[in-house]
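*Asks:* Sequence:
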Amino acid sequence: MSNQFLSIKPRTSVVLATVLALAVWLAMSLSAPEAVAKIYKWRDDKGKLHFTDNPSKIPLKYREEQKIQTYETPPETTNPVKLKVPEPVPKNHVVPLTPIGNGNYIVEVMINGRIPGRFVVDTGASSVTLSEELGRKVHRNLGALPKLQVQTGGGMVDSPLLLLRSLKVGSAKVENVEANVNPFLGEGFDGLLGMSFLGDFQVRVDSTDDALILDPLGKKGEATWGGKPSIWWQRRYEAYISKMLGYRMMAERNKNDFRARNNFNKLSQFYEELYQSLDKRATRVDLPQEFRMDPKNMRVQLP
Numbered sequence: 004m005s006n007q008f009l010s011i012k013p014r015t016s017v018v019l020a021t022v023l024a025l026a027v028w029l030a031m032s033l034s035a036p037e038a039v040a041k042i043y044k045w046r047d048d049k050g051k052l053h054f055t056d057n058p059s060k061i062p063l064k065y066r067e068e069q070k071i072q073t074y075e076t077p078p079e080t081t082n083p084v085k086l087k088v089p090e091p092v093p094k095n096h097v098v099p100l101t102p103i104g105n106g107n108y109i110v111e112v113m114i115n116g117r118i119p120g121r122f123v124v125d126t127g128a129s130s131v132t133l134s135e136e137l138g139r140k141v142h143r144n145l146g147a148l149p150k151l152q153v154q155t156g157g158g159m160v161d162s163p164l165l166l167l168r169s170l171k172v173g174s175a176k177v178e179n180v181e182a183n184v185n186p187f188l189g190e191g192f193d194g195l196l197g198m199s200f201l202g203d204f205q206v207r208v209d210s211t212d213d214a215l216i217l218d219p220l221g222k223k224g225e226a227t228w229g230g231k232p233s234i235w236w237q238r239r240y241e242a243y244i245s246k247m248l249g250y251r252m253m254a255e256r257n258k259n260d261f262r263a264r265n266n267f268n269k270l271s272q273f274y275e276e277l278y279q280s281l282d283k284r285a286t287r288v289d290l291p292q293e294f295r296m297d298p299k300n301m302r303v304q305l306p
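Using this note's numbering, read the sequence shown as starting at 4 and increasing by one per residue.
Just so you know, these hints were derived from the structure itself, not from any lab.
Some clues are possibly wrong.
[Stated by the list, open to error] In silico DSS-like cross-links for lysine-lysine, where the CA-CA straight-line distance does not exceed 30 Å:
hint	residue 1	residue 2
1	K269	K258
2	K176	K64
3	K283	K299
4	K150	K299
5	K283	K269
6	K171	K223
7	K176	K222
8	K171	K94
9	K171	K269
10	K94	K222
11	K171	K246
12	K246	K258
Sequences are here, hints too, so could you generate the full structure?
*Replies:* Given below as structure tokens:
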């Protein structure tokens, strides 16, 4: 009877090898991160293939005969989910004003970090406007700039269009500000603070304390990118792209008039550069594609 038990016991070396293999497998599975998964394959006496990821399930005879093949499968790759991290709440800016009568105010500004000026606050002006004297401090050759036809008190004038790298009013600073030059601007001030700057804020004038209050755009709790809500981005995209394409069409319409065509091409290029700058900024702040616009998907109709 004892011989029968001896005849069916596995050899001591096999038992030790099995225990050791299981111990190593358990140690690896418990201590190491599961970077790869191992799949074991063997063929039985009938020629049938078997697969398992647990070596303890492999019959001893197939372990001894080393008929096992091992495969490593790479870990599944997952794309990280990009979560919208709340941005710091932008502060408002309170800027001192100097009253000049008739409900008008002057504010001190700084252009490109080095050129000071005194501007009249004008929420009715679509763009920042510079006097010719101040314009020449910003750009020496005004004649080389693209021109816009602007209605003034003295009639229609050619107004050079230029880009201010930065415009600072008190603690409020805006980059890439569209501005034009008016050679017939009044005396006693250097320009008009229009909506190409003020449009970045909610604007209030405190006539009691003579202060310009610039609040951040958007409603409380509204998502922002670079401090601006989605509607701000969409309006900027639409404005720049429509002007870029519109002036490009005007250049084509006036292809036989060299001077007009050249000016329209310059205007189109000006707004194309603004669009490209806006799009790069949108990428930096992870603006979702649904709030962006592509010139290829827009059509402009001229009268």
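*Asks:* Each hint should be assessed against the structure and marked as holding or not.
*Replies:* Okay, the hints, checked on the actual structure:
1. K269 <-> K258: Cα-Cα ~14 Å, so holds.
2. K176 <-> K64: violated, 79 Å
3. K283 <-> K299: Given pair K283, K299 holds - Cα atoms ~17 Å apart, limit 30 Å.
4. K150 <-> K299: holds, 26 Å
5. K283 <-> K269: holds, 21 Å
6. K171 <-> K223: holds, 25 Å
7. K176 <-> K222: Given that 30 Å is the threshold and the Cα spacing comes to 21 Å, the pair holds.
8. K171 <-> K94: holds, 15 Å
9. K171 <-> K269: holds, 27 Å
10. K94 <-> K222: holds, 13 Å
11. K171 <-> K246: holds, 26 Å
12. K246 <-> K258: At roughly 18 Å apart (the allowed maximum being 30 Å), K258 and K246 satisfy the hint.
The structure is inconsistent with hint 2 alone, although it conforms to all the rest.
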